[in-house]
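Okay, here's what each chain looks like letter by letter:
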Amino acid sequence: EDQVTQSPEALRLQEGESSSLNCSYTVSGLRGLFWYRQDPGKGPEFLFTLYSAGEEKEKERLKATLTKKESFLHITAPKPEDSATYLCAVNTNAGKSTFGDGTTLTVKP
Amino acid sequence: EAGVVQSPRYKIIEKKQPVAFWCNPISGHNTLYWYRQNLGQGPELLIRYENEEAVDDSQLPKDRFSAERLKGVDSTLKIQPAELGDSAVYLCASSLDRPGTTDTQYFGPGTRLTVL
Numbered sequence: 001e002d003q004v005t006q007s008p009e010a011l012r013l014q015e016g017e018s019s020s021l022n023c024s025y026t027v028s029g030l031r032g033l034f035w036y037r038q039d040p041g042k043g044p045e046f047l048f049t050l051y052s053a054g055e056e057k058e059k060e061r062l063k064a065t066l067t068k069k070e071s072f073l074h075i076t077a078p079k080p081e082d083s084a085t086y087l088c089a090v091n092t093n094a095g096k097s098t099f100g101d102g103t104t105l106t107v108k109p
Numbered sequence: 001e002a003g004v005v006q007s008p009r010y011k012i013i014e015k016k017q018p019v020a021f022w023c024n025p026i027s028g029h030n031t032l033y034w035y036r037q038n039l040g041q042g043p044e045l046l047i048r049y050e051n052e053e054a055v056d057d058s059q060l061p062k063d064r065f066s067a068e069r070l071k072g073v074d075s076t077l078k079i080q081p082a083e084l085g086d087s088a089v090y091l092c093a094s095s096l097d098r099p100g101t102t103d104t105q106y107f108g109p110g111t112r113l114t115v116l
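For the protein sequence lines, the chains are A and B, in the order given.
Counting from 1, one number per residue, gives the positions in the first sequence under the working numbering.
Counting from 1, one number per residue, gives the positions in the second sequence under the working numbering.
Careful: at least some of the hints might be erroneous.
[Stated by the list, open to error] Computed Cβ-Cβ distance ranges for the label pairs, DEER-style:
| no. | chain 1 | residue 1 | chain 2 | residue 2 | range |
| --- | --- | --- | --- | --- | --- |
| 1 | A | 58 | B | 40 | 36 to 42 Å |
| 2 | A | 19 | B | 18 | 44 to 50 Å |
| 3 | A | 58 | B | 103 | 17 to 23 Å |
Since the hints were derived computationally from the structure, they do not count as laboratory data.
Even glycine gets a Cβ: it sits at the ideal position worked out from N, Cα and C.
Please model the complete structure; the sequences and the hints are all you need to start from.
This is how it looks when you write it as structure tokens:
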């Protein structure tokens, strides 16, 4: 059974305090790993797709990396507007999508 | 370009009543997904359509849930009768999938269902 575990469940940072979110996965045949951002009352918003171990992608203060067992979302010098829930999802060769339960990030000014 | 449209945004019903949700995907997207998201959890896939065909409905509670995607565009998800445990946010997503690849799913704003 495909499993996605995100840690920590919640993270509180001061503005400018860099940190990382973790997504550990166990799947049979990874086709892609996705990171989404979800604000309260809204649907998930796409951030990144990673396809193979060693791949990295960056967007503004966010950088996503992928190994064979986990992915990290690094947040550099976060701002209050980065506060949201960050979701990790895997898609398998069978076309199945499995989401983690997310990490809720709060950035204090 | 318009995103995924869902309606209604909110719905409050009494238990045992029926309810329906509607989704209009991004134009040209062949794959459509319905998810259920409980508070504090990630989305859980209910059903996935490729064009008109439901290719994965293994997590859909078929005794009370039904879905359709006529003409491979809009989709409707129905619950009849609703139970208290069905209270959740129902998300629709769409993607443009090609053989052997996985493409990004774009989500609508969701319908928040409250069953009293």
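Quick rundown of the hints versus the structure:
Evaluation of the 36 to 42 Å hint for residue 58(A) and residue 40(B) yields a failure: the beta carbon distance comes to about 29 Å. Separated by about 46 Å at the C-beta atoms, residue 19(A) and residue 18(B) satisfy the suggested range of 44 to 50 Å. Our hint of 17 to 23 Å for residue 58(A) and residue 103(B) holds, since their Cβ atoms are close to 21 Å apart.
Checked against the numbered hints above, the structure violates only hint 1.
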